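Going line by line, the protein sequences match chains A and B. First residue of the first sequence: 95, per the numbering used here; consecutive thereafter. First residue of the second sequence: 95, per the numbering used here; consecutive thereafter.
It should be emphasised that the hints constitute simulated quantities derived from the structure, not laboratory data. Please note that the accuracy of each hint is not assured.
Because identical chains cannot be distinguished in the list, a pair is counted as satisfied if it fits within a single copy or across any two copies.
Each computed DMTMM-like pair below joins lysine to aspartate or glutamate, with the alpha-carbon atoms no more than 25 Å apart [unchecked claim]: (1) 124 to 296; (2) 110 to 187; (3) 124 to 135; (4) 124 to 321; (5) 238 to 206.
Model, not experiment: these values are computed from the prediction.
There are 2 protein chains.
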Amino acid sequence: MTQRWQKLIRQLQQKKYRRQEGLFLVEGEKSVLEVLQAGWEIAGLHCTEAFVADHPGLAMHPALALTTAELLGKIGAMATNERALAVVAMPPDAPLQYPDHGYLLALDDVRDPGNLGTILRIADWYGMAGVVCSPACADRYGPKTVAASMGSFLRVPAYTAELPEFLAQAPDALAVVGAGMHGQNAHQFRFPGAGVLVMGSESHGLSAAVQAQLRHTVTIPRFGGAESLNVAVAAAVLCDRIKGK
Amino acid sequence: MTQRWQKLIRQLQQKKYRRQEGLFLVEGEKSVLEVLQAGWEIAGLHCTEAFVADHPGLAMHPALALTTAELLGKIGAMATNERALAVVAMPPDAPLQYPDHGYLLALDDVRDPGNLGTILRIADWYGMAGVVCSPACADRYGPKTVAASMGSFLRVPAYTAELPEFLAQAPDALAVVGAGMHGQNAHQFRFPGAGVLVMGSESHGLSAAVQAQLRHTVTIPRFGGAESLNVAVAAAVLCDRIKGK
Numbered sequence: 095m096t097q098r099w100q101k102l103i104r105q106l107q108q109k110k111y112r113r114q115e116g117l118f119l120v121e122g123e124k125s126v127l128e129v130l131q132a133g134w135e136i137a138g139l140h141c142t143e144a145f146v147a148d149h150p151g152l153a154m155h156p157a158l159a160l161t162t163a164e165l166l167g168k169i170g171a172m173a174t175n176e177r178a179l180a181v182v183a184m185p186p187d188a189p190l191q192y193p194d195h196g197y198l199l200a201l202d203d204v205r206d207p208g209n210l211g212t213i214l215r216i217a218d219w220y221g222m223a224g225v226v227c228s229p230a231c232a233d234r235y236g237p238k239t240v241a242a243s244m245g246s247f248l249r250v251p252a253y254t255a256e257l258p259e260f261l262a263q264a265p266d267a268l269a270v271v272g273a274g275m276h277g278q279n280a281h282q283f284r285f286p287g288a289g290v291l292v293m294g295s296e297s298h299g300l301s302a303a304v305q306a307q308l309r310h311t312v313t314i315p316r317f318g319g320a321e322s323l324n325v326a327v328a329a330a331v332l333c334d335r336i337k338g339k
Numbered sequence: 095m096t097q098r099w100q101k102l103i104r105q106l107q108q109k110k111y112r113r114q115e116g117l118f119l120v121e122g123e124k125s126v127l128e129v130l131q132a133g134w135e136i137a138g139l140h141c142t143e144a145f146v147a148d149h150p151g152l153a154m155h156p157a158l159a160l161t162t163a164e165l166l167g168k169i170g171a172m173a174t175n176e177r178a179l180a181v182v183a184m185p186p187d188a189p190l191q192y193p194d195h196g197y198l199l200a201l202d203d204v205r206d207p208g209n210l211g212t213i214l215r216i217a218d219w220y221g222m223a224g225v226v227c228s229p230a231c232a233d234r235y236g237p238k239t240v241a242a243s244m245g246s247f248l249r250v251p252a253y254t255a256e257l258p259e260f261l262a263q264a265p266d267a268l269a270v271v272g273a274g275m276h277g278q279n280a281h282q283f284r285f286p287g288a289g290v291l292v293m294g295s296e297s298h299g300l301s302a303a304v305q306a307q308l309r310h311t312v313t314i315p316r317f318g319g320a321e322s323l324n325v326a327v328a329a330a331v332l333c334d335r336i337k338g339k
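Only chain A is shown next, with the shape it has when bound in the complex (with noise of 0.2 Å):
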């Protein structure tokens, strides 16, 4: 591997080169191959012979350079990597839409990289609309949240807006429900065919311009002692919630 993709392999594990150079980083095995299927634009494809001999496909690919497991290991972001590295091309976000039917997931300042990459993989579990980042929400083509989603990201339309203008604008036909402490009976609540579930931060829960502009307000019941749900395995239970009756 030249030392030109050293360096920027380097440079793109921080959200200020991705977004200089609009490229980011795909590690290990099973997510290089989803995006390569995936079709998504390859600027660099670091394999080692092994891989490629497992994969013979790829070896006409034309952004295909052959790289040593000790140099994967040590470059990228993800220390078990040892077989390929990809170096993407960031998509344009399509343009942030209401949905018609179905939900999408709000994220007010989910900024745990692998919160955000779970909450994608429960998005596309679920077949939600699409995820919508607040600003401050960790970085979609971060490493971590990459890793997290486990190819979801490849799946799940996302996008990012201010959200209190977001759910200020939304039709009226949309339920507009955030998770919140001291709401409706998740299990009670009939959530309407179209709408926006809106989840705050880990540590701040939503914030008072997003709460301004809640049309519901819904709370997992809870049984027993522990003060909170983390963010992502409480999306996962409002998802089933909003699937399943």
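Could you slot chain B onto chain A? The hints should help.
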């Protein structure tokens, strides 16, 4: 902090020494306050002066030893801990019993300590009867498990047992329900009043020996493209379905 304490605290990051000494680490302001309040036996209470100034009741604690934020950050397992660390005696496990009502969660080789801690927090939120870990699960007293449980390790009865034997001897009245890929739809399944919910490992699902003991298998319905859900996320969705029809 004496050299002896420093050595012990470093050792207690390894399971071998935790078992040998019967001690484990609790790190961070909130968790240390919770373990004190719960009345668990404290062998060493290492705090900064600022922490004791904020919590003057601690000044007379017999195990108190003042230390510095710098040293706490350096010797503990949690790099962000700069206030307090407790060395706590492991309580003996309570005798494992089948529940009369409600559900035990049984974990078949859940090896990631973050997942195990998150599951303890979920079991606490939903007031589950307890958590039974197979011997290959992550250590319940490891620092990452304790941190991820957010204090729930203090409240949730937890046990270690060989699951095939434990499930084989379950009374006829109990539901033995496994979470799998080809079971009944969890949105339609009517969970009987008392039982054991068995979750498989992150990578291999339920082992054959455990599957042989199941009386029901349930599947969380999928509406999109993700291949699977994280084991803690799936446990939460199923606990939520057990508690709210």
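Hint check results:
no. : hint       : verdict
1   : 124 to 296 : between (29 Å within a copy, 15 Å between copies)
2   : 110 to 187 : within (18 Å within a copy, 50 Å between copies)
3   : 124 to 135 : within (17 Å within a copy, 46 Å between copies)
4   : 124 to 321 : between (36 Å within a copy, 12 Å between copies)
5   : 238 to 206 : both (9 Å within a copy, 16 Å between copies)
Going down the numbered hints, you'll see the structure goes against none, and every one checks out.
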